[in-house]
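Peer 1: Add chain B to chain A, keeping to what the hints say.
As you go down the protein sequences, you meet chains A and B in turn.
Here the first sequence is numbered in UniProt numbering, starting from 1 and rising by one per residue.
Here the second sequence is numbered in UniProt numbering, starting from 1 and rising by one per residue.
Source of the hints: derived by calculation from the structure; they are not laboratory data.
Incorrect hints may have been included.
Restraint-style ranges between C-beta atoms, simulated for each label pair [as the list claims (entries may be wrong)]: (1) B:H394 x A:D115: 32 to 38 angstroms; (2) B:G254 x A:P381: 44 to 50 angstroms; (3) A:I370 x B:G212: 41 to 47 angstroms; (4) A:D129 x B:H394: 54 to 60 angstroms; (5) A:R460 x B:K357: 37 to 43 angstroms; (6) A:P136 x B:G378: 31 to 37 angstroms; (7) B:Q306 x A:D115: 55 to 61 angstroms; (8) B:Q306 x A:R460: 27 to 33 angstroms; (9) A:Y330 x B:G182: 54 to 60 angstroms; (10) B:G212 x A:I130: 54 to 60 angstroms; (11) A:S384 x B:D129: 41 to 47 angstroms; (12) A:P381 x B:L213: 17 to 23 angstroms.
Backbone N, C-alpha and C define an ideal beta-carbon position, used for all residues, glycine too.
There are 2 protein chains.
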Amino acid sequence: MNMSRTRRERLVVIGGDAAGMSAASQARRLKGPDELEIVAFERGHFTSYSACGIPYWVGGAVPDRDRLIARTPEEHRARDIDLRLRTEVTDIDPDRQRVRARDLESGAESWTSYDKLVIATGARPIRPDIPGMDAPGVHGVQTLDDGQALLDTLARTRGRRAVVVGAGYIGVEMAEALINRGYEVTVVNRGSEPMSTLDPDMGRLVHEAMEGLGITMVNDAEVTKILTGDDGRVRAVATQDRDVPADVVVLGIGVRPETTLAKAAGLPLGPHDGLLTDRSMRVRGHENIWAGGDCVEVLDLVSGQQRHIALGTHANKHGQVIGTNVGGGYATFPGVVGTAVSKVCDLEIARTGLREKDARRVGLRFEAVIIESTSRAGYYPDASPMTVKMLAEHRTGRLLGVQIVGREGAGKRVDIAAVALTAGMTAEQMTTLDLGYAPPFSPVWDPVLVAARKAAAKVRGSF
Amino acid sequence: MNMSRTRRERLVVIGGDAAGMSAASQARRLKGPDELEIVAFERGHFTSYSACGIPYWVGGAVPDRDRLIARTPEEHRARDIDLRLRTEVTDIDPDRQRVRARDLESGAESWTSYDKLVIATGARPIRPDIPGMDAPGVHGVQTLDDGQALLDTLARTRGRRAVVVGAGYIGVEMAEALINRGYEVTVVNRGSEPMSTLDPDMGRLVHEAMEGLGITMVNDAEVTKILTGDDGRVRAVATQDRDVPADVVVLGIGVRPETTLAKAAGLPLGPHDGLLTDRSMRVRGHENIWAGGDCVEVLDLVSGQQRHIALGTHANKHGQVIGTNVGGGYATFPGVVGTAVSKVCDLEIARTGLREKDARRVGLRFEAVIIESTSRAGYYPDASPMTVKMLAEHRTGRLLGVQIVGREGAGKRVDIAAVALTAGMTAEQMTTLDLGYAPPFSPVWDPVLVAARKAAAKVRGSF
Numbered sequence: 001m002n003m004s005r006t007r008r009e010r011l012v013v014i015g016g017d018a019a020g021m022s023a024a025s026q027a028r029r030l031k032g033p034d035e036l037e038i039v040a041f042e043r044g045h046f047t048s049y050s051a052c053g054i055p056y057w058v059g060g061a062v063p064d065r066d067r068l069i070a071r072t073p074e075e076h077r078a079r080d081i082d083l084r085l086r087t088e089v090t091d092i093d094p095d096r097q098r099v100r101a102r103d104l105e106s107g108a109e110s111w112t113s114y115d116k117l118v119i120a121t122g123a124r125p126i127r128p129d130i131p132g133m134d135a136p137g138v139h140g141v142q143t144l145d146d147g148q149a150l151l152d153t154l155a156r157t158r159g160r161r162a163v164v165v166g167a168g169y170i171g172v173e174m175a176e177a178l179i180n181r182g183y184e185v186t187v188v189n190r191g192s193e194p195m196s197t198l199d200p201d202m203g204r205l206v207h208e209a210m211e212g213l214g215i216t217m218v219n220d221a222e223v224t225k226i227l228t229g230d231d232g233r234v235r236a237v238a239t240q241d242r243d244v245p246a247d248v249v250v251l252g253i254g255v256r257p258e259t260t261l262a263k264a265a266g267l268p269l270g271p272h273d274g275l276l277t278d279r280s281m282r283v284r285g286h287e288n289i290w291a292g293g294d295c296v297e298v299l300d301l302v303s304g305q306q307r308h309i310a311l312g313t314h315a316n317k318h319g320q321v322i323g324t325n326v327g328g329g330y331a332t333f334p335g336v337v338g339t340a341v342s343k344v345c346d347l348e349i350a351r352t353g354l355r356e357k358d359a360r361r362v363g364l365r366f367e368a369v370i371i372e373s374t375s376r377a378g379y380y381p382d383a384s385p386m387t388v389k390m391l392a393e394h395r396t397g398r399l400l401g402v403q404i405v406g407r408e409g410a411g412k413r414v415d416i417a418a419v420a421l422t423a424g425m426t427a428e429q430m431t432t433l434d435l436g437y438a439p440p441f442s443p444v445w446d447p448v449l450v451a452a453r454k455a456a457a458k459v460r461g462s463f
Numbered sequence: 001m002n003m004s005r006t007r008r009e010r011l012v013v014i015g016g017d018a019a020g021m022s023a024a025s026q027a028r029r030l031k032g033p034d035e036l037e038i039v040a041f042e043r044g045h046f047t048s049y050s051a052c053g054i055p056y057w058v059g060g061a062v063p064d065r066d067r068l069i070a071r072t073p074e075e076h077r078a079r080d081i082d083l084r085l086r087t088e089v090t091d092i093d094p095d096r097q098r099v100r101a102r103d104l105e106s107g108a109e110s111w112t113s114y115d116k117l118v119i120a121t122g123a124r125p126i127r128p129d130i131p132g133m134d135a136p137g138v139h140g141v142q143t144l145d146d147g148q149a150l151l152d153t154l155a156r157t158r159g160r161r162a163v164v165v166g167a168g169y170i171g172v173e174m175a176e177a178l179i180n181r182g183y184e185v186t187v188v189n190r191g192s193e194p195m196s197t198l199d200p201d202m203g204r205l206v207h208e209a210m211e212g213l214g215i216t217m218v219n220d221a222e223v224t225k226i227l228t229g230d231d232g233r234v235r236a237v238a239t240q241d242r243d244v245p246a247d248v249v250v251l252g253i254g255v256r257p258e259t260t261l262a263k264a265a266g267l268p269l270g271p272h273d274g275l276l277t278d279r280s281m282r283v284r285g286h287e288n289i290w291a292g293g294d295c296v297e298v299l300d301l302v303s304g305q306q307r308h309i310a311l312g313t314h315a316n317k318h319g320q321v322i323g324t325n326v327g328g329g330y331a332t333f334p335g336v337v338g339t340a341v342s343k344v345c346d347l348e349i350a351r352t353g354l355r356e357k358d359a360r361r362v363g364l365r366f367e368a369v370i371i372e373s374t375s376r377a378g379y380y381p382d383a384s385p386m387t388v389k390m391l392a393e394h395r396t397g398r399l400l401g402v403q404i405v406g407r408e409g410a411g412k413r414v415d416i417a418a419v420a421l422t423a424g425m426t427a428e429q430m431t432t433l434d435l436g437y438a439p440p441f442s443p444v445w446d447p448v449l450v451a452a453r454k455a456a457a458k459v460r461g462s463f
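If we strip away everything but chain A, and leave its shape as in the complex, we get (with noise of 0.2 angstroms):
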């Protein structure tokens, strides 16, 4: 009895989200609370919930926002996780393995020891430093308390004019959501193009859907100031050129990891100030701590370089990982190679592998191609027309990347190009590609062949 007391492990596990929630799930599925204490910690009120459905909620198309949530606390608690809500985590002390927490609501602090150590801590939204960001009306969407702060500010407001700051993947969704709300939604955009994360030819397409759409884009704008009324409230977004009206204004600029704690430990950040890991998710250089989700960079398999994406999926795996080798088991997280897909009502965008502009960074020079095709056979009813954009290494033709904007079953085309970029496969070997086809779901020749057989053709012309 003692001796087995004695072998037990604690793990403690800082963020209750998607990373940090599916390591402590696996890990407890492959260690009983006899062999492994799990102790994990969360400042908010909610685990593992999907921010990504937090638009969908907002806009309507999620009924509640518990749909979002996929595992409750009482549901990690009945699975021996010693589950700590309003909690925050307020050091790491990696030389003598604790770390210290804060009750929010009573204020105890306290030290708590760890065996291993998962750093979750997710990642924070930009807001620019400028006047007026605090004003009521004035919202993120990172996490389900944002949400309903906005829902609640929706309800209250009279006025329809939203004001969508960014047009990134979580400033398109949120002007869809306002849109499916009846608002008039206008998307301030620093960009020359929304969608920054698409080559600027590709984001014209985008640009020009939203505005059939009904939605205004201002771009090449730089927000300097939240104007208020005389209630305190928002009353415009300024920009160096213009004042936009709003009543709701939200921000969707993006995120940068959550490593404040982490970098007064002095854990090692790379040049996107997200946490370095091996291919194991273990934290480099610290044999007991592992990081996953937002909060870590990961290598780019294309580039070679390190990134910083917050996405749930990866967040997901890496807690699959870290939970599996804390386990005892073995798994590893080899990169990514830049995959994501959105959409704006019946847009879909979607990406993977490097921009022109990430080629040239690295110093690899391509062929860029652009196609337009359909998504059905052009006889077969409802066939849209879809752009794919590849681009394809100079000589090796080795694919680098693939855009496509589109309607119906343009964005998970991606996919595709997904596989092929991790196989390291050329504009050449996809063309044979072996894809599904009937009338309904595919041209003969699937979009994506069509743009690899033009990105070949001028490989080959290039030599």
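Peer 2: For chain B alone, kept in the frame of chain A given last:
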């Protein structure tokens, strides 16, 4: 002038559909009429049409026949292709490099010599050798003429009972077409479940879904006779067990390579009676004869064996490769992984790679898993259930095949597996694929990844 004339080569193409006319068009792109004369023989009335589209034309989704024609005879002729319609090649004489053709209108026969020959004679439908097969009201759906004849019958027939013989992809697509036209549809199937291109456990799901759509499935049924009425027209389909009343019968039993000419000419045929070619689509042992489309066998890259797969997307690729090689370029068709996708109303069915029995036949031991997931995040509207079966090789974990049955968004997910098969990935490698994720497009773990995780675990557990 004379010099250039003597240098001009003649390409003869037998068959005016996808493979033949793609080859002719691509050859013409690379070589002008001064260098290359192109003569194409087609025994029917049409060129370059989508036979795969016939079920959708019959079902009414495609409003008229001409929409299925990708390129008309006039368009081919405008590109200096000497197209001879209603002209059937009756002999190939490889020794003297010539073909004999008969004008089906006048009956006149003549020889045409060639420097290069392309055989694209397609496939012929399997018609069981039983009494009544030629009765009025019994229809194949192989050609546009077949489709028109069926539509004429449907317009004339008052009864609303349709029987489809065969439950492969043509059979299920025709079942949908007839349902859409308001028929009471019974599918009579020789196998134990519909879609024998799937394993029976997945075919069972198709069976249940088809019955849910109001289609009556009669499995394990051998058609013994077509029964006719006093007027000589079809009145029922007799099987070993029962007579199924029918006002119209559609044959969707499958096809065989149409290689009568090739066989008579002594050209090499494979185990399925399809022409054998090398990777440049050149007929084995014949320097100046190429073949492609439904009349050839292809290499299955997963099993390493020859297969016959009649599919428009392969025919087009073959044509492109042949035309490039005939035109003095270089292209190859490495083989297939056996991807196919089809639908019955809103049910999507997809497969790639090997079934259990294919793997056994070539001596491969495997682990098979089946998982259930959804097309989108579970909380997102219209998330629909999807079943994925995955086969991975015992010990190595190499992906062997994937089968998917689901609703919207299920079918084209098979492309992920098609690319992974081509690349020779293992299930374990697939678990970390960076696939597109956002709630409207996928759960946080794509269904294919869920299957890969389970398959990888089973491979590990099986050591």
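Peer 1: Does the hinted range 54 to 60 angstroms hold for D129 (chain A) and H394 (chain B) at CB?
Peer 2: 59 angstroms, holds
Peer 1: Between P136 (chain A) and G378 (chain B), does the C-beta distance stay in 31 to 37 angstroms?
Peer 2: 34 angstroms, holds
Peer 1: For the pair Q306 (chain B) and R460 (chain A), does the Cβ-Cβ distance stay inside 27 to 33 angstroms?
Peer 2: At 30 angstroms between Cβs, range holds.
Peer 1: Between R460 (chain A) and K357 (chain B), is the Cβ distance one that fits in 37 to 43 angstroms?
Peer 2: Because 41 angstroms falls inside the window, the suggested range holds.
Peer 1: Taking the Cβ atom of Q306 (chain B) and the Cβ atom of D115 (chain A), is their distance within the range 55 to 61 angstroms?
Peer 2: 58 angstroms, holds
Peer 1: Is 41 to 47 angstroms a correct range for the gap between the Cβ atoms of S384 (chain A) and D129 (chain B)?
Peer 2: 45 angstroms, holds
Peer 1: With 32 to 38 angstroms as the target window, see if H394 (chain B) and D115 (chain A) comply at their CB atoms.
Peer 2: Roughly 37 angstroms apart at Cβ, these two residues keep to the hinted range, so it holds.
Peer 1: Should the hint that P381 (chain A) and L213 (chain B) are 17 to 23 angstroms apart at their CB atoms be regarded as holding?
Peer 2: 18 angstroms, holds
Peer 1: Are G212 (chain B) and I130 (chain A) spaced within 54 to 60 angstroms by their CB atoms?
Peer 2: 57 angstroms, holds
Peer 1: Is 41 to 47 angstroms respected by the C-beta to C-beta distance linking I370 (chain A) and G212 (chain B)?
Peer 2: Holds, at about 42 angstroms.
Peer 1: Starting from the hint 44 to 50 angstroms, judge whether the C-beta atoms of G254 (chain B) and P381 (chain A) obey it.
Peer 2: The hint (44 to 50 angstroms, Cβ to Cβ) is violated, given that G254 (chain B) and P381 (chain A) are roughly 27 angstroms apart.
Peer 1: With 54 to 60 angstroms as the target window, see if Y330 (chain A) and G182 (chain B) comply at their CB atoms.
Peer 2: Given about 59 angstroms between the Cβ atoms, the range holds.
In summary, the structure is inconsistent with hint 2 from the numbered list given earlier, while agreeing with all the others.
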